[in-house]
Amino acid sequence: MGLVAAPLPAWVFEVDGVHAPAGSYSAAEKTLKGRSTLPVYKRQIFPERVVGETAASPAKAGETLWQNDGVRLWRLPEVDAGIAILSVTSKMHALGAEVVAGVREAVAFAERECDGLVIWHEAPFAVGANLKQVMEAIGAKQFDVLEQSVHNFQLASQALKFSKVPVVAAVSGMALGGGCEFAMHCARRVVALESYIGLVEAGVGLIPAGGGSKEFALRAARNAAKTANNVPFDFVQPVFSTIAMANVSKSAGNARELGFVDEADIVVFNVNELLYVALRQARGLAESGYQPPLPARNVPVCGRTGIATLEMMLVNMREGGMISAYDYVVAKAAATALCGGDVEAGSLVDEEWLLTVERKLFVELLKNEKTQARIAQMMETGKPLRN
Amino acid sequence: MSKQIQDAYIVAATRLPVAKRRGMFRNVRPDDMLAHAIRSVLAQAPNLDPVTIGDVIVGCAMPEAEQGMNVARIGLLLAGLPNTVPGITINRFCSSGLQAVADAANRIRLGEADVMIAAGTESMSVMPQMMGNKIAMNPAFFEKDENLAIAYGMGLTAEKVAQQWEVTREQQDEFAAASHAKAIAAIQAGKFKDEITPYGLTEHLPDLGSGEVKLKQRTADTDEGPRADSTVEKLAKLRPVFAAKGSVTAGNSSQMSDGAAAVLVVSEQILKTFRLKPLARFAGYAVAGVPPDVMGIGPIAAIPRAAALAGITKDDLDWIELNEAFAAQSLAVMKTLDLDPAKVNPLGGAIALGHPLGATGAIRTATLTHAMQRENLKWGMITMCIGTGMGAAGIFEKM
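Protein sequence lines, in the order shown, are assigned to chains A and B.
Here the first sequence is numbered in our numbering, starting from 911 and rising by one per residue.
Here the second sequence is numbered in our numbering, starting from 512 and rising by one per residue.
Quick caveat, the hints were computed from the structure, so don't treat them as lab data.
The structure displayed is predicted, hence computed values, not measured ones.
Incorrect hints may have been included.
[Said to hold, decoys possible] Okay, derived cross-link-like pairs now, BS3-like style, lysine-lysine, Cα gap no bigger than 30 Å in a straight line: (1) B:Lys756 to A:Lys1160; (2) A:Lys1293 to B:Lys756; (3) A:Lys970 to A:Lys1042; (4) A:Lys1242 to B:Lys645; (5) A:Lys1270 to B:Lys655.
[To be verified] Sample of chain B residues with no beta-carbon within 12 Å of chain A, all distances over it, derived: (6) Asp614; (7) Ala692; (8) Asp732; (9) Arg786; (10) Asp849.
Glycine included, every Cβ here is placed at the ideal spot set by N, Cα and C.
Chain A on its own, in the form it takes in the complex (with noise of 0.2 Å):
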């Protein structure tokens, strides 16, 4: 017995499907058609495709202006010809060493060529680094090949960040570790609705070192500028939790709370507008004379008694049974690195530093068997070990 009684209509036996090449058909006017070409479907670039329905991948659209291995520098002359789009490429596009030489590479050719640069593709942004490198090399024990692949890492970010054109993060779903740190440094974010940022490099025994920490450690101390205390620890407190504790951002809003989304930046909740929106902030920033940030310099930083203050709350986690003893060593280097280092509270301190201190962490954990354990068993099951 059918669900209904009432009988199918007898166009559905005259059709050849619904969905075509040209269009969907229309029972009412007995014909196939085409999409609405109403003005606010054009912020729609790729819009989801019905079944039958024929268009260009974004893989394969518009020009591509270079690519290597793991990204494509493309653009879109219909939209704007003078803003350059950066596709990953990679496998759920993962962060190996040939994306972040892609990146430099883009940011580069962008600065002679172009007025902007948009980070764009389909969800997710990024999960990470590429853990299949990254164990290659420790079975190697290249640790000092490993060191300068990080420094590699931060002078992407560097090189985003410093962009004499404006570079605009249009991110969707999963912005993880690296990926989360790329679009930190960023000139803008434009995040769809349904984004899952995070800095979840705990979860594999490692702290945020493409420049995540660094990023943090100077918001802090840019926002305790502007109140009367001038306490940049204040700020560092619950960013310190937020990586310790590898938090993921339940939206663009929650991401906003968390700190990997700006005031300014712009919240879509249409995905499908993302590539459109970000092509226009990018040519918005670009036509209002962007600057580049200057490095900072004199920064100062939480220090010793920062890094106290927080292994305070690591000892008691630990002792309670709360967390484990090397979720307690991964917490405190995350706690160095956003403090600046085992320097006294307040010494001043620029960008260079900073990116040195978490660097030197991320390596001295990635020595320990502990966070190799984690990150073979993160690539076997995809779960994070407690160990």
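With chain A fixed as given, assemble chain B onto it according to the hints.
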């Protein structure tokens, strides 16, 4: 060998009702609470000339922000005392209020003053975090294992006590439920009436509908913490807060609170001159250090010392105000010293009544001295554990 030249007497002791943190006193400043307590205690000795007050000693465990700037001096000036009366804020964490009473009494016992005010004030509502407005740990805590416990939160130390003194979750919850039951019974019987001075609240609140500032007025006259519906069954459902597999919960720990109290302490000469009737004689006080990781056992070390100084044994005690920082440490102290449960906190303790840190000692002085008068009891004691590993105990004799 006598260590004093004269006795010190409590002639008046009063307190505000204790409010839950961010409860009825959320918009009341600690210096205003203190001023009210000072005015109220002096009102109980109307013949006394305030000019004779040698000093105002105020206990406060987090003397910063709204309760910083030497809150003692600010409070006494707001209370309308002559500006010739000095004031000092002291801090020994949870025993600060009792320490203030002891210090005030000792000034009199040494003959350095004849009239002293001891007080305590603490608003935990104004503290953004339990450890003050700006927490800044010393890295040295973490460089040697023996110093690590300085960084322990109080709840974690209670877990350590529960483990080492074998205090079960069930025992803690039973103790907590009894604290609420006793406090509710005491309130219903009016047993706090003599010690509480009601506080008139006036709050300036925005009325968004009219665009006017609305004044909301009411009188606070009853402790806000005790729960008539608290039961062992309900308490058993709460999850441990400080350890994954622990037994210490929000329900069997003291409540965070706002409160203030003041105590008027005088010499025998002043008793005669102003014809004052003493509530009690201050008989002795001791503090002692214990390992910071089990700070809750502090009273175990302090009580025998205080009793010896007062010339009594713990069996002479008729009423014991044992600050219930945590049920775990309260039970460990009672078990180790074999304290009679019937004499401990007959009106409930901090689990029900609240624990406004540095004010608690002065608050419980008001409770004890009035109870001893009401019940006609000779010896009473106030004792508490102290953060970073100390204990304090003060002995009082009814006159």
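Checked hints:
{"no.": "1", "hint": "B:Lys756 to A:Lys1160", "verdict": "holds (29 Å)"}
{"no.": "2", "hint": "A:Lys1293 to B:Lys756", "verdict": "holds (24 Å)"}
{"no.": "3", "hint": "A:Lys970 to A:Lys1042", "verdict": "holds (27 Å)"}
{"no.": "4", "hint": "A:Lys1242 to B:Lys645", "verdict": "holds (20 Å)"}
{"no.": "5", "hint": "A:Lys1270 to B:Lys655", "verdict": "holds (25 Å)"}
{"no.": "6", "hint": "Asp614", "verdict": "holds (30 Å)"}
{"no.": "7", "hint": "Ala692", "verdict": "holds (30 Å)"}
{"no.": "8", "hint": "Asp732", "verdict": "holds (37 Å)"}
{"no.": "9", "hint": "Arg786", "verdict": "holds (52 Å)"}
{"no.": "10", "hint": "Asp849", "verdict": "holds (30 Å)"}
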